[in-house]
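Peer 1: One-letter residues, chain by chain:
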Amino acid sequence: MSEAEEIPLWEVFIRPRNGLAHRHCGSLHAADAEMALQAARDVYTRRGEGLSVWVIPSAQIVASDPQDRNVLFDPADDKIYRHPSFYNIPDDVGHM
Amino acid sequence: MYSQGLIGSGDQTTETPKFLAAFQARIDADEKIEPNDPMPAAYRKTLIRQIGQHAHSEIIGMLPEGNWITRAPTLRRKAALLAKVQDEGGHGLYLYSAAETLGVSRKQMTEELVSGRAKYSSIFNYPTQTWADIGAIGWLVDGAAIMNQVPLCRCSYGPYARAMIRVCKEESFHQRQGYEIMLKLAEGSPAQKEMAQDALNRWWWPSLMMFGPPDGASEHSDQSTRWKIKRFTNDELRQKFVDATVPQAQRLGLSLPDPALAWNEAGGRYDYGEIDWDEFWAVVKGHGPLNKARVAARKKAWEDGAWVREAALAHAKKRAARQSVAIAAE
Chain A
35 MSEAEEIPLW
45 EVFIRPRNGL
55 AHRHCGSLHA
65 ADAEMALQAA
75 RDVYTRRGEG
85 LSVWVIPSAQ
95 IVASDPQDRN
105 VLFDPADDKI
115 YRHPSFYNIP
125 DDVGHM
Chain B
24 MYSQGLIGSG
34 DQTTETPKFL
44 AAFQARIDAD
54 EKIEPNDPMP
64 AAYRKTLIRQ
74 IGQHAHSEII
84 GMLPEGNWIT
94 RAPTLRRKAA
104 LLAKVQDEGG
114 HGLYLYSAAE
124 TLGVSRKQMT
134 EELVSGRAKY
144 SSIFNYPTQT
154 WADIGAIGWL
164 VDGAAIMNQV
174 PLCRCSYGPY
184 ARAMIRVCKE
194 ESFHQRQGYE
204 IMLKLAEGSP
214 AQKEMAQDAL
224 NRWWWPSLMM
234 FGPPDGASEH
244 SDQSTRWKIK
254 RFTNDELRQK
264 FVDATVPQAQ
274 RLGLSLPDPA
284 LAWNEAGGRY
294 DYGEIDWDEF
304 WAVVKGHGPL
314 NKARVAARKK
324 AWEDGAWVRE
334 AALAHAKKRA
344 ARQSVAIAAE
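Residue numbers (this note's numbering), protein chains in the order written: chain A, 35 to 130; chain B, 24 to 353.
For the record, the hints were derived by calculation from the structure and aren't laboratory data.
The beta-carbon is built from N, C-alpha and C at its ideal position, and this holds for glycine as well.
It cannot be assumed that every hint is accurate.
[To be verified] Derived contacts from chain B toward chain A, CB cut-off under 7 Å, selection only:
1. Asp60
2. Leu125
3. Lys130
4. Arg292
5. Tyr293
6. Leu336
7. Ala339
The shape of chain A in the complex, shown without the other chains (with noise of 0.2 Å):
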């Protein structure tokens, strides 16, 4: 390799306990995957924070774009049908 190769990086992600799932912590440079894993345990669960870690390539995340927000999110806006609090039921039925 050249010194001009960044090494690749890695997203992070802590499972805290069981039962819980695993929650995107940060991200750290590694050569390859068993390293990285090494790394993550090091850098990112020295007090305890977790049971469990993922690695994954940066580069293998597909993201949706910012600029798409209102595309993507909006139309869920107007549907507010989709929540319980839409529909009128008589107190007298108690809860549901």
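Chain A is fixed; fit chain B onto it per the hints.
Peer 2: For chain B alone, coordinates are given in the frame of chain A:
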């Protein structure tokens, strides 16, 4: 973990007034800005500078303390100091990652540091002469850093704010371990107490300088405040630090090296003496006791590690190539 008021940043920007107003409206509504969001070039540049300087400070900050790991007086102190120095390395890495989300590469930042072009907190250009200096650094330098960093947890740029939350969680152990060292020395033999006093005398003023130039002289403060990168001025944070630290020094039975220091009843604060800004600027511009040694140590570590980085990448490529051959053969 260590930040300092940002030194030298252009906050000129060239976008249309409409774009800038829309961006400012998001900031005013307390929306967080995330990596791929549209942002003014000057906002990006200011953050790259600030987060980069902050990261470099963490990394350079490992050097003065690392100096004492092998000479810590007990195994307990050694384990704590090792853990603290490892934390500083971790904090540097969180911050480099946050800066990279703005489009600067790790390599670029490293090169700026090892070439001596990058700025970092001026405090690390002072030497750690005795074991008591390790106590004074934890107590004062980490204490000053905490004052600076807690408001940064609410910074408008999401990745920086998130990194700071992690850092602040880990930080309070640093200050406590430093204060405990000071306490032990202050309660010890006359020679030990004298050592603690000497360390306090040498670290007090540089700690006050960590908050950066006085408000009148700070070039970028206003724009950074409008963008909610900065939540308090340098002088406000410095005052908070003085007010928190004076009673802690009294508890140690040590005196602060400032004859002008006095309780201001009307203001509800401590007044303190004039800071030697000539010294501050001299250290920032590279003329502190150890500027050259600090950068040289980083440069040596970077260059000595080149073969390891090359070998790791070559190994990863070889394994990946073998794997693809094996898959093709199946």
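Peer 1: For this structure, which hints from the list above don't hold up?
Peer 2: 2, 4, 5
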